[in-house]
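K.L.:
First to last, the protein sequences are chains Y and D. Sequential numbering of the first sequence, starting at 1, is according to our numbering. Sequential numbering of the second sequence, starting at 393, is according to our numbering.
Simulated from the structure, these hints should not be mistaken for laboratory data. Worth double-checking, as some hints may not be accurate.
Said to hold, decoys possible - In silico PhoX-like links for lysine-lysine, alpha-carbon gap of 20 Å or less:
| no. | chain 1 | residue 1 | chain 2 | residue 2 |
| --- | --- | --- | --- | --- |
| 1 | D | K489 | Y | K265 |
| 2 | Y | K278 | D | K489 |
| 3 | Y | K333 | Y | K84 |
| 4 | Y | K344 | Y | K333 |
| 5 | Y | K278 | Y | K240 |
| 6 | Y | K175 | Y | K240 |
| 7 | Y | K278 | D | K487 |
| 8 | Y | K265 | D | K501 |
Unchecked claim - Quick look at which bits of chain D chain Y covers, simulated, 3 or more residues with Cβ under 8 Å:
| no. | region |
| --- | --- |
| 9 | 475-487 |
| 10 | 491-499 |
We treat Cβ as the ideally placed atom computed from N, Cα and C, and that holds for glycine.
Residue-level listing of the chains:
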Amino acid sequence: MTQAEGNQTPFETPVTLIDCDVHPYLKHADELRDYMQEPWRSRTIPTRRQIFLPPGDGRRLDSFPEDGSPAGSDPELVEQQLLKGIGADYVILIPSSSISIIPDPVFAAAVARAWNDWQIDTWLGAYNPHGRFKSSIVIAPQHPERAVEEIERLAGHPHLLQILVGSSALAAYGKRQYHPIWEAAARHNLPVALHVESPVGPTPPSPLGYPTYFLEFHTLYPTIYMTHLVSLIAEGVFEKYPDFKFVFVEGGSAWLAPIMWRMDKDWRGARAEVPWLKRRPSEYLRDHIRFSTQPIEEPENPRHLLQIFEMMDAEHVLMFASDYPHWDFDDPKRAFPPLPERLKRRIFCENARELYNLPATRPLDHLDSTQSSAAAKRCRGGSVNRPPQHTM
Amino acid sequence: MARFVVGPASELPPSSRRIVNVDGREIGVFNVNGLYYALRNLCPHQSAPLCLGEVTGLAVSDEPGEIEWTREGEILRCPWHGWEFDILNGRTVFKSKARVKTYAVQVEKEKRPSEAEGVETYPVTVEDEVIILDY
Chain Y
1 MTQAEGNQTP FETPVTLIDC DVHPYLKHAD ELRDYMQEPW RSRTIPTRRQ IFLPPGDGRR
61 LDSFPEDGSP AGSDPELVEQ QLLKGIGADY VILIPSSSIS IIPDPVFAAA VARAWNDWQI
121 DTWLGAYNPH GRFKSSIVIA PQHPERAVEE IERLAGHPHL LQILVGSSAL AAYGKRQYHP
181 IWEAAARHNL PVALHVESPV GPTPPSPLGY PTYFLEFHTL YPTIYMTHLV SLIAEGVFEK
241 YPDFKFVFVE GGSAWLAPIM WRMDKDWRGA RAEVPWLKRR PSEYLRDHIR FSTQPIEEPE
301 NPRHLLQIFE MMDAEHVLMF ASDYPHWDFD DPKRAFPPLP ERLKRRIFCE NARELYNLPA
361 TRPLDHLDST QSSAAAKRCR GGSVNRPPQH TM
Chain D
393 MARFVVGPAS ELPPSSRRIV NVDGREIGVF NVNGLYYALR NLCPHQSAPL CLGEVTGLAV
453 SDEPGEIEWT REGEILRCPW HGWEFDILNG RTVFKSKARV KTYAVQVEKE KRPSEAEGVE
513 TYPVTVEDEV IILDY
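For reference, chain Y alone in the conformation it holds in the complex:
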């Protein structure tokens, strides 16, 4: 029996699964306007532009609510498919805001603020009686002053556990113009999560510009993630802000050990250029950096994944994510080879619990009762034809 189980009351249940990447969607793009003032309110908000098309419009086909609203926009269906379906005790929401593609930084900051006020009212408010939806403060990193203001405005909200930035950025995130944002994040003990963004943004999705196929676009996410990771370490952000933590979401993780071996090796010769680094580059990982699992790599030989986990110190840096409601969703029971019990606990729960200061047990709620499934909303299931194209 774990300590958590030992301490639980009859009204509490141990926290065993935290999903670190779930996307809440607007029911309608105009929903955001209620949270905006002029001169922004009447403008068209730039949205995610799909030039590389994933299967199924990028959504699980069973994640579209019966009423035809967008996938990921109905909290009851999310409760059914995640909180009940995979048994997630908490989900960390990552609004797909595509802020980084908005060229006007002032407009971008206004849109970020609207996303936050919207989610506070909905997913973190009216939709969240059980408190199992947690989320991320949306900021526009292209406007560092406004980003800091937004962090100051919202830090301390009980359900906003991190800060969100997009992978597509004007510059790598270690650079000095971003440091005020990271300072504010560290001061409020809020990790910063980087999530992949639209392929149409301030920078192309690969170092060699725009690929031809979605397959290439999606496979190459790690190239951008590596650039941000190496930048954050080399520029000494974690020395400057010892409490700063950074999370890489949806960029894969199997590449981590080799890129850090390479950086460690180069650092031994190039150290004098970056003498603020007091440790080997890879030594910053355990104290400051986390990775989410989805989309988990699936080597032909599943044991190879376990070897990779060992090389990358997955026990301390890796956190489960499903990426619901996207097409490449990972089911925690099916996506992984059998894991040793301790490693499993770290990846599926403990690493995220420690990062986000979540409790070891949570109150039981109506979703834990078996009767509630009868009243469950149903998705459109297998009867769907082609789902409608959603732009947000």
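Fit chain D to the given chain Y structure using the hints.
P.N.:
Positioned in the frame of chain Y, the structure of chain D alone reads:
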């Protein structure tokens, strides 16, 4: 412990070095601000001729973007992969297990050739001091 006469001290002024062959081992002798240090001419990383590397200083920093230059002349940078070694103790300036072998060096009054048994000798003046390497 054997002794090897490196040569007259006057021939190895501050900031200079000499690589000597001692029983088949190459050893670099460095004059750092008037004190002598000796390191094996063999980098513990990939066996490069370490002592041919640049003698430099140590960049340190307490704040990203700000660099202070210290210990000029006390750091040896490997000519292959650029690892920095502290000439004073043979250790890498970054934390590692790698360490180049060091040797004790002394300066003594020159002895007449007949007293220096079985070692290489150099033509020196009577007033010279000589550098002795223990190995």
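K.L.:
Given the hinted pair K278 (chain Y) and K487 (chain D), is their alpha-carbon gap at most 20 Å?
P.N.:
Roughly 9 Å between the alpha carbons, so the hint for K278 (chain Y) and K487 (chain D) holds.
K.L.:
Checking one constraint from the list: CA of K175 (chain Y) to CA of K240 (chain Y), max 20 Å. Satisfied?
P.N.:
Given that 20 Å is the threshold and the Cα spacing comes to 12 Å, the pair holds.
K.L.:
Going straight from one Cα to the other, do K333 (chain Y) and K84 (chain Y) come out at no more than 20 Å?
P.N.:
Within the cut-off at roughly 13 Å; holds.
K.L.:
Keeping to a limit of 20 Å between CA atoms, is the pair of K278 (chain Y) and K489 (chain D) held or broken?
P.N.:
Answer holds: K278 (chain Y) to K489 (chain D) is near 16 Å, not above 20 Å.
K.L.:
Quick check: do three or more residues in the region 491-499 of chain D have a beta carbon closer than 8 Å to a beta carbon of chain Y?
P.N.:
violated (count 0)
K.L.:
Would you check the hint for K489 (chain D) and K265 (chain Y), treating anything up to 20 Å between C-alpha atoms as holding?
P.N.:
holds, 14 Å
K.L.:
Under the criterion that the straight-line Cα-Cα distance not exceed 20 Å, is the pair K265 (chain Y), K501 (chain D) satisfied?
P.N.:
The given pair, whose Cα atoms are some 45 Å apart, is violated under the 20 Å limit.
K.L.:
Given the proposed pairing of K344 (chain Y) with K333 (chain Y), does the C-alpha separation stay at or below 20 Å?
P.N.:
Holds, because 11 Å separates the two Cα atoms, which is no more than 20 Å.
K.L.:
Three or more residues of the region 475-487 of chain D near chain Y by CB distance under 8 Å?
P.N.:
holds (count 6)
K.L.:
Between K278 (chain Y) and K240 (chain Y), does the CA-CA distance stay at or below 20 Å?
P.N.:
holds, 11 Å
Of the hints listed earlier, those the structure fails to meet are numbers 8 and 10, in rising order.
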